[in-house]
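Visitor: As a plain string of letters, each chain reads:
2 protein chains.
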Amino acid sequence: MATDLTGMTRVHHEKLIRFVSRSFEKLGVPPSAAEIAANVLVSADLRGVDTHGVIRFNPHAWYVKWLKDGSMTAKPNIRVVTETASTALLDADNGMGMVAGYRAMEIAIKKAKGSGVGIVTVRNSRHYGMSAYYSMLALAHDMIGIAMTNASRQVVPTFGRDARFGTNPICFAVPAKDERPFVLDMATNTAAAGKLELAVRLGKSIPTGWALNEKAEPTTDPRVAQQARRLLPLGGSRESGSHKGYGLGILVEILCGVLTGTITALNANQEPRGHLFGAIDPAAFRPAAAFKTDMDRLIRELKSTPPVEGESRVYVAGEIEFETAEERSERGIPLHSSVLKGLREVSEQVGVPYDLE
Amino acid sequence: MATDLTGMTRVHHEKLIRFVSRSFEKLGVPPSAAEIAANVLVSADLRGVDTHGVIRFNPHAWYVKWLKDGSMTAKPNIRVVTETASTALLDADNGMGMVAGYRAMEIAIKKAKGSGVGIVTVRNSRHYGMSAYYSMLALAHDMIGIAMTNASRQVVPTFGRDARFGTNPICFAVPAKDERPFVLDMATNTAAAGKLELAVRLGKSIPTGWALNEKAEPTTDPRVAQQARRLLPLGGSRESGSHKGYGLGILVEILCGVLTGTITALNANQEPRGHLFGAIDPAAFRPAAAFKTDMDRLIRELKSTPPVEGESRVYVAGEIEFETAEERSERGIPLHSSVLKGLREVSEQVGVPYDLE
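For the protein sequence lines, the chains are Y and V, in the order given. Each residue of the first sequence is one higher than the one before, starting from 1 at the first, in the numbering used here. Each residue of the second sequence is one higher than the one before, starting from 1 at the first, in the numbering used here.
Please note that a few of the clues may not be correct.
[Unchecked claim] Cβ pair distances, simulated, as ranges:
| # | chain 1 | residue 1 | chain 2 | residue 2 | range |
| --- | --- | --- | --- | --- | --- |
| 1 | V | Arg201 | Y | Asp296 | 39 to 45 Å |
| 2 | V | Ala140 | Y | Lys204 | 32 to 38 Å |
| 3 | Y | Pro59 | V | Glu311 | 41 to 47 Å |
[Stated by the list, open to error] Cβ-to-Cβ under 7 Å is the rule here; a few derived chain V residues that face chain Y:
| # | residue |
| --- | --- |
| 4 | Leu89 |
| 5 | Ser115 |
| 6 | Arg164 |
| 7 | Gly209 |
| 8 | Gly241 |
| 9 | Gly261 |
| 10 | Leu298 |
| 11 | Pro307 |
Please keep in mind that the hints were generated in silico from the structure rather than gathered at the bench. A virtual CB, placed ideally from N, CA and C, is assigned to each residue, including glycine.
Bound conformation, chain Y alone (with noise of 0.2 Å):
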């Protein structure tokens, strides 16, 4: 409610999640998965995942616009292709990402619950936002999640000229007793797209490594990068490892393209989408309370670690995420004015009050 110094108002979560739900089904979804794509929304907003919330949500970007030129299907019928007792392909019906996203990974936390683990891919599906949030859901059955989606093509192979792949991004979140959950949430290159936003935002050069010029050459210049959509794989080159990075990328895209059918390597279009979901039972393997007391040994470890010169502290993965998370549940989430202003476009557009300032 609060306009600070930088010009971000803070928003309380419930109220954008509210907000976006009732837009989603004014937008002709229905409310139950209305309410599941708000709250991966605004789970994205609330870690400081920001690229990934409700930046996206005006009718300039993806969901909104989608919904409303009818690119994609409000109503899906989501439905099972085929299963075995450990997995599952879904049909998304070119539906939102979020929904199919969470159906796909309630039932590999079912199948993992049954036979130790679950693994559910999705097709012919959409943008599902934040990664994350799928794999997440594992943590409240003491399981192990997975997520990955393809995504458009931006990255280029190692020693190659042109993009082929996306940022195809790997997720596992693993619960442990009295620390927090390890979440790794990372696409295969080096920087997200997001993060050469900010940089043209702020005015900053962009270290080489991270993404190639319109000649495929090393740029620094965050515009450059962003209008030649080449990003590099995680590695930034290959004496530095970015052979690594590259494969990791098509992992991703076999595991949620080639094994569902939905290639976003060979789609020029680059919709659809394929994901991947899982669910592993550590009490398939050990008793469930002595991994997670051994997950807490292993993450004090970590971050007992002397930090190096002019460095704090070690971390975690996720620990950041869940700090912001603490943070902004308590004192909302700090929105940008153009991101307010997508939002009361999207108010005037579908007729749900505007109420966040």
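Please build the complex by placing chain V on the supplied structure of chain Y, with the hints as guidance.
Guide: Just chain V, lined up with the frame of chain Y:
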């Protein structure tokens, strides 16, 4: 048999397997286990992963040393501790990782035939050699194979001063139709320890982003890096994404260590090791033929990427190793005189005739 100008002698892989296998037998390993272990080691040499091959088969290193001094069990009682329809935990009884690994992968494949996916972890094991050997066992069954292991502490967390975890490799093998399989076998740090050895031998410096010195500062001296045992995670620096390599390394420690109770990151002795093996049956998701045809399409798309200035082609993970294996199967494995010396020493100590040159 022939020594070339670089001081390398070519030895046929079958001859080498026979020699290593018989030597393992003389060291007390049962014949079938000895053959498996020899196959794993020589497969690494065949594929050009020389750091994981017979360079480690001498009286001063690893397997032979441990079997001779009794610190590794020659005739382990490998047993299934617990299992479900899709999972199992094996205890390797402090025996060679190669033998437990082979057995675990067989079980994973069998379980995947029944339920679409199998995950088999191994506790209380030892060094298992090259990861790709195990994941590639799935290829003959038209399945995706997975292998991971934890390893001794020599990688620092991002911002950390001291090593806390290992080079913890991730390996996936995926079948294709007419193209060669996709085989990603990568340590999760920037450059394998073997690359430091190579730089020392060639008198070359290493790039920053590979390792730190004793004071936890970046170093370009491979000798200093070897001494300090402070390798950097994939990404190298925070701004180039080292938190991702760090996260992946810990993920492997969780899946191989915390899931089994054999956590090298918490063990100053660095032994024993834990592993994870997996098999996913693509036929559980879509017809195997369609999957393999689409793998071909993806691989061809990647290989057709125009290369950047100064490079001749774009590779797919595993391609170089397949080409190396073809050449070495035909012409023999090139072994350095120092490696042959180690093999002669084994011959003298265990009493297997030396017939390699």
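Visitor: Work down the list of hints and note, for each, if the structure agrees.
Guide: Okay, the hints, checked on the actual structure:
no.: 1; hint: V:Arg201 to Y:Asp296: 39 to 45 Å; verdict: holds (43 Å)
no.: 2; hint: V:Ala140 to Y:Lys204: 32 to 38 Å; verdict: violated (51 Å)
no.: 3; hint: Y:Pro59 to V:Glu311: 41 to 47 Å; verdict: holds (44 Å)
no.: 4; hint: Leu89; verdict: holds (5 Å)
no.: 5; hint: Ser115; verdict: holds (4 Å)
no.: 6; hint: Arg164; verdict: holds (5 Å)
no.: 7; hint: Gly209; verdict: holds (5 Å)
no.: 8; hint: Gly241; verdict: holds (5 Å)
no.: 9; hint: Gly261; verdict: holds (6 Å)
no.: 10; hint: Leu298; verdict: holds (6 Å)
no.: 11; hint: Pro307; verdict: holds (5 Å)
In summary, the structure is inconsistent with hint 2 from the numbered list given earlier, while agreeing with all the others.
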